[in-house]
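S.K.: Listed here are the chains, written in short residue letters.
Protein chains: 2
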Amino acid sequence: MTPGDAREMHPHRWGDPAAAAALPDAARALVELAFGAAETPAVEEFALPEPTLAEEVVAELRAVVGDEHVLADDDIRRRRTRGKSTPDLLKARAGDFADAPDVVVRPATHDQVQAVLDLAVARRVAVVPFGGGTAVTGGLVALRDGFTGVISLDLGRMKGVRDIDPVSMTATLEPGLRGPEAEALLGEHGLTLGHFPQSFEYASIGGFAATRSSGQSSAGYGRFDAMVVALTAATPSGRLDLGTAPATAAGPDLRQLLLGSEGTLGVITSVTVRVRALPATTAYDGWRWPTFGEGATAMRTLAQSGLLPTVLRLSDETETALNLARPESIGGAGDGGCLMVAGYEGTRAAVDARRAAVSAALEDLGGVPLGEEPGTAWVRGRFHAPYLRDSMLDVGVLVETLETATFWSSLERVYAAVREALTGSLGDQAIVLCHISHVYETGASLYFTVAVKQGEDPLAQWRAAKTAATDAMVDAGATITHHHAVGTDHRPWLAREVGPVGVQILRAVKASLDPAGVLNPGVLIP
Amino acid sequence: MTPGDAREMHPHRWGDPAAAAALPDAARALVELAFGAAETPAVEEFALPEPTLAEEVVAELRAVVGDEHVLADDDIRRRRTRGKSTPDLLKARAGDFADAPDVVVRPATHDQVQAVLDLAVARRVAVVPFGGGTAVTGGLVALRDGFTGVISLDLGRMKGVRDIDPVSMTATLEPGLRGPEAEALLGEHGLTLGHFPQSFEYASIGGFAATRSSGQSSAGYGRFDAMVVALTAATPSGRLDLGTAPATAAGPDLRQLLLGSEGTLGVITSVTVRVRALPATTAYDGWRWPTFGEGATAMRTLAQSGLLPTVLRLSDETETALNLARPESIGGAGDGGCLMVAGYEGTRAAVDARRAAVSAALEDLGGVPLGEEPGTAWVRGRFHAPYLRDSMLDVGVLVETLETATFWSSLERVYAAVREALTGSLGDQAIVLCHISHVYETGASLYFTVAVKQGEDPLAQWRAAKTAATDAMVDAGATITHHHAVGTDHRPWLAREVGPVGVQILRAVKASLDPAGVLNPGVLIP
Numbered sequence: 042m043t044p045g046d047a048r049e050m051h052p053h054r055w056g057d058p059a060a061a062a063a064l065p066d067a068a069r070a071l072v073e074l075a076f077g078a079a080e081t082p083a084v085e086e087f088a089l090p091e092p093t094l095a096e097e098v099v100a101e102l103r104a105v106v107g108d109e110h111v112l113a114d115d116d117i118r119r120r121r122t123r124g125k126s127t128p129d130l131l132k133a134r135a136g137d138f139a140d141a142p143d144v145v146v147r148p149a150t151h152d153q154v155q156a157v158l159d160l161a162v163a164r165r166v167a168v169v170p171f172g173g174g175t176a177v178t179g180g181l182v183a184l185r186d187g188f189t190g191v192i193s194l195d196l197g198r199m200k201g202v203r204d205i206d207p208v209s210m211t212a213t214l215e216p217g218l219r220g221p222e223a224e225a226l227l228g229e230h231g232l233t234l235g236h237f238p239q240s241f242e243y244a245s246i247g248g249f250a251a252t253r254s255s256g257q258s259s260a261g262y263g264r265f266d267a268m269v270v271a272l273t274a275a276t277p278s279g280r281l282d283l284g285t286a287p288a289t290a291a292g293p294d295l296r297q298l299l300l301g302s303e304g305t306l307g308v309i310t311s312v313t314v315r316v317r318a319l320p321a322t323t324a325y326d327g328w329r330w331p332t333f334g335e336g337a338t339a340m341r342t343l344a345q346s347g348l349l350p351t352v353l354r355l356s357d358e359t360e361t362a363l364n365l366a367r368p369e370s371i372g373g374a375g376d377g378g379c380l381m382v383a384g385y386e387g388t389r390a391a392v393d394a395r396r397a398a399v400s401a402a403l404e405d406l407g408g409v410p411l412g413e414e415p416g417t418a419w420v421r422g423r424f425h426a427p428y429l430r431d432s433m434l435d436v437g438v439l440v441e442t443l444e445t446a447t448f449w450s451s452l453e454r455v456y457a458a459v460r461e462a463l464t465g466s467l468g469d470q471a472i473v474l475c476h477i478s479h480v481y482e483t484g485a486s487l488y489f490t491v492a493v494k495q496g497e498d499p500l501a502q503w504r505a506a507k508t509a510a511t512d513a514m515v516d517a518g519a520t521i522t523h524h525h526a527v528g529t530d531h532r533p534w535l536a537r538e539v540g541p542v543g544v545q546i547l548r549a550v551k552a553s554l555d556p557a558g559v560l561n562p563g564v565l566i567p
Numbered sequence: 042m043t044p045g046d047a048r049e050m051h052p053h054r055w056g057d058p059a060a061a062a063a064l065p066d067a068a069r070a071l072v073e074l075a076f077g078a079a080e081t082p083a084v085e086e087f088a089l090p091e092p093t094l095a096e097e098v099v100a101e102l103r104a105v106v107g108d109e110h111v112l113a114d115d116d117i118r119r120r121r122t123r124g125k126s127t128p129d130l131l132k133a134r135a136g137d138f139a140d141a142p143d144v145v146v147r148p149a150t151h152d153q154v155q156a157v158l159d160l161a162v163a164r165r166v167a168v169v170p171f172g173g174g175t176a177v178t179g180g181l182v183a184l185r186d187g188f189t190g191v192i193s194l195d196l197g198r199m200k201g202v203r204d205i206d207p208v209s210m211t212a213t214l215e216p217g218l219r220g221p222e223a224e225a226l227l228g229e230h231g232l233t234l235g236h237f238p239q240s241f242e243y244a245s246i247g248g249f250a251a252t253r254s255s256g257q258s259s260a261g262y263g264r265f266d267a268m269v270v271a272l273t274a275a276t277p278s279g280r281l282d283l284g285t286a287p288a289t290a291a292g293p294d295l296r297q298l299l300l301g302s303e304g305t306l307g308v309i310t311s312v313t314v315r316v317r318a319l320p321a322t323t324a325y326d327g328w329r330w331p332t333f334g335e336g337a338t339a340m341r342t343l344a345q346s347g348l349l350p351t352v353l354r355l356s357d358e359t360e361t362a363l364n365l366a367r368p369e370s371i372g373g374a375g376d377g378g379c380l381m382v383a384g385y386e387g388t389r390a391a392v393d394a395r396r397a398a399v400s401a402a403l404e405d406l407g408g409v410p411l412g413e414e415p416g417t418a419w420v421r422g423r424f425h426a427p428y429l430r431d432s433m434l435d436v437g438v439l440v441e442t443l444e445t446a447t448f449w450s451s452l453e454r455v456y457a458a459v460r461e462a463l464t465g466s467l468g469d470q471a472i473v474l475c476h477i478s479h480v481y482e483t484g485a486s487l488y489f490t491v492a493v494k495q496g497e498d499p500l501a502q503w504r505a506a507k508t509a510a511t512d513a514m515v516d517a518g519a520t521i522t523h524h525h526a527v528g529t530d531h532r533p534w535l536a537r538e539v540g541p542v543g544v545q546i547l548r549a550v551k552a553s554l555d556p557a558g559v560l561n562p563g564v565l566i567p
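Just so you know, the sequences run in chain order A and B.
Just so we're on the same page, our numbering is the position in the first sequence counted from 1, plus 41.
Just so we're on the same page, our numbering is the position in the second sequence counted from 1, plus 41.
Don't read these hints as lab results, they were simulated from the structure.
Heads up, a few of these hints could be off.
Listed below are several chain B residues computed to face chain A (Cβ distance under 10 angstroms; list not exhaustive) [said to hold, decoys possible]:
| no. | residue |
| --- | --- |
| 1 | T289 |
| 2 | D294 |
| 3 | R296 |
| 4 | Q297 |
| 5 | L406 |
| 6 | V409 |
| 7 | P410 |
| 8 | Y481 |
| 9 | S486 |
Note that beta-carbon positions come from the ideal geometry of N, C-alpha and C, so glycine has one too.
Next comes chain A alone, as it looks inside the complex (with noise of 0.2 angstroms):
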């Protein structure tokens, strides 16, 4: 284990497996696909690749960071590979440890991560920035061809807070803070954040702002990149500190080009964000709609007259029988339709005044008020959905996620294309089930569950999926993602994203900042 870091990711299942609860009921459907057919595969020693890494790099790695902050054992290495998508679990559980990195090295300061940056590049070392390991698009592999070594940066030691401004409603925090941590010191001083992606309780700050993480109230937050208002990075070039204001005409905004980087021109040292008061009062209420469409109707009723609550999410048809958006039973399940949960936080006044007005808004829509059980259902539940996956796996049933997002005229073509594309490739047996979970005035999300019996190869089953999917979504107009990133496994789509000049700009930015190439070699960059 890490010295310091009570948070340790199991090799291969999410989270700590003692925290998991056992296969719910509402999950008996999704189990009946697999026929009993496999064994869960028992936690054992793996072996793991030599490590390539010079003896005297690694001296030079504990004269930057102390001995203490230089890991090689086996399982620190085995925490330290890749991500946590269902591809990076199967291959674990399959004893692939390929792409473990060669050592894991903890720094402290920003000004040892530019130490660390500065000798990978003297030493052609790949550096694989971590910060909460939660990556689900293979962010965390990092090509070796052309290096002498891969290190895992591992930004866990730094969590600090640094400054709070209570004024400007600001806090500069440090990458390594995972999202309990965030919250609990903002807490000591009546604030927060207000991001909680399904990863919140592993990911970290850096993270978050690498890969554009988006929360599950960001209808009321916002996403994570809009929260940022300045961030600090090491490059291989120096330092970089950008954001003067809250907003500024000084130039192109650079901040958006860290942000969504993924570790490939920068480590992200620090990031100040906008926080806000601790909100008094929070509440759920759920909603059923007759159709997916009508549901999304409304929401987008809702976002274009600046009606938004804080949370804001509509599973479709298969989501709300399979009951997945709430893991517990509650009244009115059987009654068929689609499930919206409508969250409010804030001063007692704000909330009411806000959940009185989108209620009446949502009963003039057509929405049938459900109570409030189902919204605290799906509080309590909300970030359980990837042990199930774990439980899922366990007897032989491919689960996986993926996601898009789509302006609003499009998003049934988009809903139904993808849906196509995962059943036309995993076969009519497969369960595909759908939930919208940001929306814009624009447009929204569109998130997508799929469960299938594993066959004879699951990452290849996977793999043909994931393509048909992704292939939709471009060919459809949508982007390739809206929260999870490039990563490894998206990068093949975003020259279609961007273009061919999109993809020469982050070359060409790649190369200034990183010319030897050493950082997260192989994320992101066609």
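Following the hints, complete the assembly by docking chain B onto the known chain A.
M.R.: What follows is chain B alone, placed relative to chain A:
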């Protein structure tokens, strides 16, 4: 006059001088500064430099856009010389048209823009993209050094609405549309952009995007850069199409590189913007605050509680006393303090609800309601200030504006530092006015107007004051510009805004997209 464009600006005055009101009574205090010093310069034929562009190149340009769209007469060359900063006007009034372009080229399509750029690269011609000509920071002055000539690339023929998506509430607009033209075309569909900078009557959609413009209704509609969901640009490296969804995690947001690029990286040929329903109701109220600080605190409270009006502005004591915020006399003007205008736009119900909530909050905070007259007076005069400047220059008063933004906790410090820098440079006789007109949860803009009797060399007089003020902004950690862009005037400070590595990134992108450096040379990039 240019064919097809009714809204030409005077070569050395703002807008259409026939539309300028006589010097309002309210400005007498400023005029007294001049002691009747200067005479109004005559409008006459000032000499222009000989064009250096080879006839052969002019013929090639004619082949691309058509004979009638390559203009080289003296009148149009004068009207395409520089922008409308006070130094620009002083130079023009003094007969200095040394920065005149050789020819004005008016493409009608993206492909024609691309062809002109390709030709410019082949023939080594500098290209200055021209929208509304309202630049106030030297963004329309190209360096001639190393080029065979300078083209003004006038986008005034590209003024179509390419697409309206009433479901997604987006519109795809061509760059040459002036503010009123865009509003008129959107208005036919019951839509508005809601972007009303002081330059609205002349400035263009492309210019709004290229300079990160911010309008007077930014509290309700947001900055222009926040409205853009997609854009297309022609670059010497080819076409760039960016923006597939309202939000994405597909890498760095490259739209944010083109926004604010001021014609140095590409020519924006279309912009897809979020639009809103035309407001059924508008209401503008006046409020008085005992001090600027108390009014600013009230603005911060509104911004941080999510309770913003559509328009929110606050004049400091001097601006309030001089009544420049309200060019027409109103009741309560003589009572001192600071005038705030709070405006509401939307449906009747939304306006009523928001107005009631904001008004209650402002009364709680100590604001004194002044009724609608100050607000409606402000609306009537909101685009008049540049005309007033011409009248002041006519009588020997040097008038100019500059602006910045900072976080709330630094606002008072930045305000004092810039005022001190200006009076320190210009002398105690200088009148310095200020207002806050753009607010965010984390901070706000500060917009200064300066008036002083012109000295022997008013250009040098202003240059010294501008240098002192901008140094003061940077020293105080504020941005060098909130919505006027960098141009040539702020360029010497950009390295202090984004740091040496930030400059390196800009240069790398520039070198990649425009290796010949033909796009707006000398602007923005240090």
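S.K.: Next, verify each hint and record whether it holds.
M.R.: Cross-check of the supplied hints:
no.	hint	in the structure
1	T289	holds, 4 angstroms
2	D294	holds, 4 angstroms
3	R296	holds, 8 angstroms
4	Q297	holds, 4 angstroms
5	L406	violated, 15 angstroms
6	V409	violated, 24 angstroms
7	P410	violated, 22 angstroms
8	Y481	holds, 4 angstroms
9	S486	holds, 8 angstroms
Hint violations for this structure: numbers 5, 6, 7, all remaining hints satisfied.
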